[in-house]
Every structure is written in structure tokens, then in C-alpha cells.
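Peer 1: These are the residues of each chain, in order.
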Amino acid sequence: MTDVDSRGRPIVAVTGIGLVTPLGFGVAKNWAALLAGTSGIRRITRFPTNDLRTTIAGTVDLPEEAEGRVLTATPRVTRMATLAAEEALAEAGLEGGAFPGPLMLGMPPVEVEWPHRFELARRVAPDAATYPALTLAATGWSELYETAAFQTVGETLAARFGTRGSPVAVTTACATGASAIQLGVEAIQRGETEAALAIGADGTVQPEALIRFSLLSALSTRNDDPTGASRPFEKNRGGFVMSEGAACLVLESLSHARARGARILGLVRGAGEKSDSFHRTRSNPDGSAVIRAMRNAIEDAGLTPADISYVNAHGTGTPENDKMENLAMRAVFGDAAPPISSNKSMIGHTLSASGAIEAAFSLLAIRDQMLPPTINHVEPDPAITLDVVPNVARAAKVENVLSNSFGFGGQNVCLVLSGAPN
Amino acid sequence: MEIWITGIGLVSAAGEGRAAHLAALAASTPAPVDAESHAPFPLHPAPALELDRQIPKKGDQRQMEPWQRLGTYAAGLALDDAGARALVAEMDLIVAAGGGERDMALDESVLAALAALPPAEAALQLNALLAGGLRPTLFLAQLSNLLAGNISIVHGVTGASRTFMGEEQAGADAVRIAAARLAEGRGQAALVGGAFVAARWDLMVLYHSAGLLRQGGFAPVFARDEAPGAIPGTLGAFLVLETADSARARGARGLARVMGVACEQARRDQADGSAAAARRALDRLALPEGPLAVLSGATGGAVPTAAEREFLAGLARDVTLRAAGSRLGWGVEASFPASLALGALMLSEGVLPPSLEAAEAPFEAPPTDLLVTGFGAWRGEALAHLQAIPAEEQP
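Protein chains in written order, with my numbering: chain A, 1 to 422; chain B, 1001 to 1395.
These are calculated hints, taken from the structure and not from any lab test. It should be emphasised that the depicted structure is a prediction, and the values quoted were computed from it without experimental measurement. In this text, a Cβ means the ideal position worked out from N, Cα and C, and glycines have one as well.
Derived CB-CB ranges, DEER-like:
1. B:ALA1048 with A:ASN223: 47 to 55 Å
2. B:ARG1085 with A:THR139: 44 to 52 Å
3. A:GLY68 with B:ARG1280: 43 to 51 Å
4. A:ASP127 with B:PRO1288: 56 to 64 Å
5. B:ALA1023 with A:ALA159: 40 to 48 Å
6. B:GLY1314 with A:ARG282: 50 to 58 Å
With the sequences and hints as input, model every part of the structure.
Peer 2: Structural data, given as C-alpha cells:
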């Protein structure tokens, strides 16, 4: 068995997976809940939701938040990413030591948040809390910098896991997690490293972020029915449900993994991307960029559309995305479109984490030869002509999975995940 | 595969484009300084830009705030400078991004209303004030990846698109990974860079909390011992990287060869410091022996500037130093691409910038190779090796 692909590049194996989602901590718990069709969406309790149009989300409740402590995005993202990486490294048999490669981190932009601003304003009082005054009041408070600079999450994780070189933090909106995996895959393929730690993480369910998405009319407002709120591909879908979580994949060249006797969980066989120049929040209605991203990934994997057994959808549950994804599926696969399902029906849209979480679920689908369902499928949408694996998980022959991620700002990334070679 | 810089798009306090920056390199005075508007912090202000020249649709301009406009403008300058508009459909785009502007008036009004309340009470009232006050378009203007999105929309750059975050280091990794992708044959050209608007209190509050900003007047970056810190400078900096084969095939002249880019990040909790990390990066480059010309990205901050001095002294060779930061200011994510753009100009035009301070010794001879450094104000060490392209190798 060769260790290089049809293009002569090192084959990239996955030897460890870690997961944190609103369904729980750890791969086993998440996968069981997903196959059971469990929703992780609930009423938000972490902060007051009065005056919000949307009061539901997929939330990961961290132990340190139980006592009512307010954590901002950086510590939340760091914590979830750490948990996912610990699990993945343990599975890969690489825990404890320094990781033999770089960190490729998909994460949300972070910034100074309201708890920080209120603290600075208290320091300024009774004077007016103008920005110049807040700035001078921040003198010597370097923890503020560390919690709002973009470098911090990566730096903290790099120190914790001993990754090599400078950590790379990437954002491509809703495609971020897939971009992180793609960066790791490419670094291995070009021989820059034998291994890479790829993480996608998000932890930005907080009032201002919810309001911003609400103002774009992107969120479901089905507040009285949290578990039924995320309805990808269903007729009454009304937007996505904000969520959070993290996934980590330990990526290695197949030869490196074999040489150290690691168990191969699967392969990242290909990646493709194509950006759209149509609109800031909408894909071109002709689907061209999304179609190209899907085709590029399949072609990069050395496969044809007929080789794809299942598609893990972007499937946000916004009217527009799902229609577009249906169009793209038909363009790429024609009449013989494989089943497609959306994990977001259960865990919501984990934003910067979603591409990585969905790649992890895709690998588990291959491992167990099971397709996770799209739940909340009550009334079919005549405009959606695909087999969306409605409501109930299904056993199937799963060899190659296409995982779609389409981002705000037109950044589209698709991955092809495959089983371990014999 | 050989990688060339075939175009630069630079906007700084010195002006915009090649001519303004050649003049800045040749000058013995620093870029304009605004010591008043954000006192006690000086900054290098934005030049006046005629936005219509690079962002023709007013609708596009309205969807952005100054940071995205500056980056989109500079990206367009780079495409024009390279004559590479015909390549945009499959061109890679890697942007080093910060965050976009906040609505500071809204923030201040919320604080005025709520700061005196107990935290639980303030949290209850925050939602209504934000829901009523935030403008929908501002979210998109704030999103880091939307600079790349706007460049795709305005200039049609629609190959691979990635946005890196991580202050100065993001700019260096953007160039490193863009060059590596081209070198392995993934595409023929890449647009890479970043933008930074200096006159922003919403960022100054962050940088000042870590003590990164200088207070007082201008001094060159290696002469700030009395008041260490960076002077933020508005900076838009994009490069068109291209395989030499692609450039030759379309008759495009290169400004410089990118011989290598190497990035590290010292673990500050360990014995090996920043200088040692830079040394590791240096080991991945193949610089020629002999006297070395260095274009430094030093910020003027005490810790990284001392680390860079230690690193340069450890090279144990004759170093002729010039500091990009003394000429452009500190442009955070845009700094490293801007240093490469200045360095490429120096090599292609044979400019020998006059000395601005004692650390900048006179040049003995025009350099053919240039080491570009980037020691981040807080974290990260990056190096690049640029080389002049001999006339006989140009198309």
C-alpha cells in the first residue's frame, strides 16, 4: 500500500478526534446523541435574554460557568479547544509530549467585550466613560490585551500542546473549521511537516453576537420550541440557530502514522475551495462558487462524483442556503445525488467550529457505516429534492464523504473524508 | 518554483503607491506624525484617498468602514501595480486581518447609561440598548473575514480565500503560506496583505492595556529607550506574489524574488526567548555569506526591540540596518507585508535609504539580498529573505 496519493502527495491520515458540542463532551457521547436524533438546542440561561428576538441557542455549559462566572470568548474558545485536543491526542497516543507539527486553529474574531468595557468604565467613574478615558484607565491591565488579542488562543494552545512554529489562526466565517483542516492537510502534503493539529472552535454565544445575527435576519425565532428550531431542508425552516463547540483532528502523513503504529481512523483525501464575488452574505443564486468548491474537493481527492457515498451538508436551515445547496447538489451529482444530512438540525450552527465538527462526524459515519439524520423533518419542502436522511439515522455503505462549508463573505470550503486504507 | 513579487499596493502616511514610497525611502525625515488627535499617543495618519479610484461603487463603499475600505483600496493598487487584473478569477487571496471598527458613540452611550448600575442590572438593560442601537451593516464591516470578502466582491479575486488572525504574525504567515502554495504549483498568483487604521481608540484601548504604545513625540524605532512603544501608522499593504514562470509568460517585471519566509513564536514561559526563536527561523533560510542588509520591522516596544538587537548581534556579521517602522509606523497585521513591499522597492530601484538614527549605518554597496524581520510587539518572530532579480532574468 502506497503512502502517496494519485498526485504524488503524502496521504493525510486522521489518528485522533476530539469533540465538544451542545450534545456533550467527547466523541462517544456526541455520536450516540447524534445517531439518536437528539437536539442540543435549548433556552439560553447563561445571560439575560430579555429584548432579544432569539432566546435559544446551542450552548456548551462549562464547569467554571456553573457558579455564574462570566467568561468572554477567548477563555471559552480556549477551554473548548483544549478539551477537544486532549481527547484527540489521547486517542492518537500523542498526549503528554510535544506535538510533532504546527497548530492550525479555526476560531472566531475576538475583541474587547462588554464585561471589560464596564470594568474600565467603573475605573473611570465618576468621569464620563469616553474611549480616551477608557484607554487611559486600561494602563497596566495586560490581561485585557491577552483576552482580546487574536494571538492569545493560539498561543495558549501552542504552549499547552507543544506544537511547532507559529500557530496559525484562520477565519473564513462559517467555513473556518474546514479551512483549519485544509491548512493542516496542505502543510503535510507539501512536506512541510509530518503532522498537524487542526482545531475548529467557537464560543461566542453572547448578547451582542446574537443581536448582530438577528439584525441580519439570519436566526430562527422559534423560541417556544427550541429542539424544533433548527430545521434544515424542511419547509418551515426559518434561519439558523447559533451554537458553539469545538472539534480537533490529529492529522499525520500516512507514513508517519504507520511508522509509529498509530490506529488510522480515516483520511482527509481532498479539499477544495472557491470564493464568491457576488454578495457579502448571499451566495450567487447560480450556485457557481459553491458548485466549484464541491467539484474542486472531489477532483482534489482523485475521485468522481459517483464515488461520494454521503454528503455532510452545510445545511444551516436558512431558506436561502438550503435551496442553494440543493441546486449545487443537483449540479454536481445530477439525478444520482447521494444522501445528504445536516448535523446542524441537532447541534445548531457552531460557526467557526462547524467545519471541523462536521468533518469529525463525517469520519464517524464512515467508521460505523451510519448516516446521522436531519431531524425536525416534518413537512418536506418541494424545492428540496434530496434524500436528507429524515429524522432517523440509517445504516449505509459509506466510503467517501463530502463535507460542505459555505461562509458569509463568500468563502466556500469542501473536504472529502474517506476510510482507512486496507 | 521561483516566486516573485510582481506588484505592491502601499498606502501609508507617506501617501499611496510606488512613487510616494520611493520618496519616503529616499527621505531623511519620518512620515507625518499626528501628535494631537489621540494624545497622549502619537500616530502616523491616513493620507487622503480618492476611494472611487479603487472602489468604484458607492454601494460597496457604504458597506464598509475605514479599515475594510483601506484594505480593499490597497489590494486594488497591488493588482494594478502588477498589471494582474486578468488573473484575479483564479488568484489566491490571503488576508491578515484585525477586527473592524466598533460604533464608539453607541459604546459610550451604553456605558453612560449602564456603567453605574450593579452588573446584573446592567446586563438586563444591555440587550435593549444594543438591539436598538446596532446598525445591521456594521456587523459586516466588523467581521475580520469580510475584508477578504470585499476584495473578492470589488476586485473579483476568487481563488482560494483565507483570512489569518494574530496581529503581526498573521501578516507573516499569510505571505509564508501564499508563497508556499505557489511554490508547490497550486496556482500562479496570490494577493496577500493586510490593512490597519491607526486612528482608532477602540484598538488603542487594547494595545495600551499591554503597554504597546509610545507616548511622546516621534523617535526612530531603535532610539526609543526613554519612552519605548510603537507609534501606530495607518497602513494598507498588499503584494502580488507570482511564480516567475507566470510573470515571464505575461511579460511582467518582478520587483524581487521571495527566497524564503520563516515564522516562529517564542514560548515566553520557557528559557528560549524571542531571539532564539528568530534564530530557529533563520536556520530555515539560505542567506548568502558576508555583509547583510536588514530591513527591520521593529515596533519600538522595549522587549521585542531588545530581542531583535540580541538576534542581530548574534548573527556575528556586518549588518546594515534600516527600520521600516521609522518610515511607516506600526501597522500590526499590515506590517510584515508592508516591510516586504518596501524591501522589494529598495531592491528593484536600487534605493539606499539615508540613515534616520545611529543604529542605521551607511550602506557600503547596494544590497542584492535583504533580510526582512518582524518581531511582533507582543508575540511572534518572522523573517523573510528577498533577493534582487538581475535584469537578464526579467522578461
